[in-house]
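Participant: Counting from 1, one number per residue, gives the positions in the sequence shown under this note's numbering.
Don't read these hints as lab results, they were simulated from the structure. There could be a bad hint or two in this list.
Unchecked claim - Okay, derived cross-link-like pairs now, DMTMM-like style, lysine to aspartate or glutamate, Cα gap no bigger than 25 angstroms in a straight line:
id: 1; residue 1: K156; residue 2: E75
id: 2; residue 1: K155; residue 2: D186
id: 3; residue 1: K156; residue 2: D125
id: 4; residue 1: K156; residue 2: D142
id: 5; residue 1: K77; residue 2: E108
id: 6; residue 1: K155; residue 2: D133
id: 7; residue 1: K77; residue 2: E361
id: 8; residue 1: K77; residue 2: D186
id: 9; residue 1: K156; residue 2: D186
id: 10; residue 1: K77; residue 2: D125
id: 11; residue 1: K156; residue 2: E64
id: 12; residue 1: K156; residue 2: E111
id: 13; residue 1: K333; residue 2: D222
id: 14; residue 1: K156; residue 2: E199
id: 15; residue 1: K156; residue 2: D133
id: 16; residue 1: K77; residue 2: E199
id: 17; residue 1: K162; residue 2: E75
Stated by the list, open to error - Now the in silico label distances, taken between C-beta atoms and shown as ranges:
id: 18; residue 1: S172; residue 2: V370; range: 22 to 30 angstroms
id: 19; residue 1: D404; residue 2: I58; range: 26 to 34 angstroms
id: 20; residue 1: H43; residue 2: H120; range: 48 to 56 angstroms
id: 21; residue 1: S138; residue 2: V174; range: 25 to 33 angstroms
id: 22; residue 1: H120; residue 2: I58; range: 37 to 45 angstroms
id: 23; residue 1: T373; residue 2: V174; range: 15 to 23 angstroms
Since the model is a prediction, treat every value here as computed from it, not as a measurement. The beta-carbon is built from N, C-alpha and C at its ideal position, and this holds for glycine as well.
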Amino acid sequence: MDAEDMIGFAGRERLRESFPLGHARPVGGAVRARSLRQHLRAHMRAISFLACVVLPGIAAAGYEYGCATGQYVSEFKLLVRQQAPETSGPNSIISALGGGNPMLAMIEDSEVVQQYIGSHQILADLPPGLSLDRIFASPRADWLSRLTPGLPPEKKLLYWRKMVHPYFDLSSGVITVQVRAFSPRDALTLANAVLSSSEALVNQMSLQARENSLAYARQTADAAQARLLADGANLASYRNRYSVLFPELTAASTSSVDEGLSSRLAQDQATLASLTSLGQTGASPQVQTLRARIAATQAEISHVGAALASTGGGKQTLASVLSGYNTLVETEKLDEELYASDLLNLQNARNSAAQKAIYLETFVQPNLPVASTYPVRWLATAETVLAGFIAWVLLTLVANIVRDQMD
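With the sequences and hints as input, model every part of the structure.
Facilitator: What follows is the structure, encoded as structure tokens:
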């Protein structure tokens, strides 16, 4: 046995002593496999990070700084104003229509303008010579930002809302409108068109409000006039029914006659009593004359009393006729006052119809932009990187959960 055989034999003996029979020996392949899996996982994490975060970030930065077309913003600010109403009292037509709260009406009108700017109606109201395809589908715009020609109205409206932003500040009542385009001149042109369409809308609202106010005032005055004419007809019918032209004069005259007869009766009765006390008998001519006068006066008083007690065949007392007549007269006076007030409201409505009830006040005119405002390139790149990083973290967590379940 040479030296090499002796060394090999000694090594095998030592190995046999270290690992007696019945004990497993370490497998070198399993160790290498575990190490290989760990290296593979590290490489996969690096590759996934590169695919989810680095490459999208580079692509976004390349597109934003190399391809994305600058968008120019033209801005204007406006207020919806209302003309101060001319009031003539509690029956004012302006109060009746406006609810007595001009601030609330101004807020409602401002919200109408804001909604109009973001609606399909403004697309239909834009000037015929203004082509949205020419402005937004221009070849100089990048393909992600430009408008696709021939889109249906619904898709075109969605694109319009991305490029035209109206904002209403409730605390100040100011409407701020920002209009985007791919060139400064197009942004200014489109902003002026939006402003003109908004002014046309407000003018139409003002015209409609004036017409409604005038129509309501005219209708109210006509109704008051009809009531007044009906009151006059009722009074005439009432007089004819009871055959009295002026019941109050008739009652006053009858009462005056009754008072005169009663006074004469009292005098005659006093004279008769005086003659009787002086010894005059019933055969005396003076006594007989007085008694005849007293009887005639009493008959006349009874007749006058009957006249006061009834009129028109005795079906109504003169007092009740006078009461009904006074009611009709008071109604006529009230309707006369209302008619005069309604005529004044009608005149105020006619005066207001010559002026704008609602109007736009543009205190910041559309500007010609110099530098592009959008896109914010670094922000778009950062958002892409952040979204990719979140996606990478979620994918890594899911992969770890799946691996743990498989192990």
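Participant: Against each hint, give a clear statement of whether it holds in the structure.
Facilitator: These are the hints, each one checked on the structure:
1. K156 with E75: 21 angstroms, holds
2. K155 with D186: Roughly 21 angstroms between the alpha carbons, so the hint for K155 and D186 holds.
3. K156 with D125: The hint holds at about 15 angstroms.
4. K156 with D142: 17 angstroms, holds
5. K77 with E108: Holds - the C-alpha atoms of E108 and K77 are around 17 angstroms apart, at most 25 angstroms.
6. K155 with D133: 13 angstroms, holds
7. K77 with E361: 9 angstroms, holds
8. K77 with D186: 18 angstroms, holds
9. K156 with D186: 18 angstroms, holds
10. K77 with D125: Holds, at roughly 20 angstroms.
11. K156 with E64: Between K156 and E64 the Cα gap is close to 24 angstroms, so the pair holds against 25 angstroms.
12. K156 with E111: Within the cut-off at roughly 22 angstroms; holds.
13. K333 with D222: Satisfied, since the Cα-Cα distance of roughly 17 angstroms is no more than 25 angstroms.
14. K156 with E199: Cα-Cα ~23 angstroms, so holds.
15. K156 with D133: 10 angstroms, holds
16. K77 with E199: Holds - the C-alpha atoms of E199 and K77 are around 13 angstroms apart, at most 25 angstroms.
17. K162 with E75: The hint holds at about 15 angstroms.
18. S172 with V370: 22 to 30 angstroms: 27 angstroms Cβ-Cβ, so the 22 to 30 angstroms window holds.
19. D404 with I58: 26 to 34 angstroms: 33 angstroms, holds
20. H43 with H120: 48 to 56 angstroms: With Cβ atoms ~54 angstroms apart, the hint holds.
21. S138 with V174: 25 to 33 angstroms: Check passed, 32 angstroms falls within 25 to 33 angstroms.
22. H120 with I58: 37 to 45 angstroms: 40 angstroms, holds
23. T373 with V174: 15 to 23 angstroms: For V174 against T373, whose Cβ atoms are near 20 angstroms apart, the range 15 to 23 angstroms holds.
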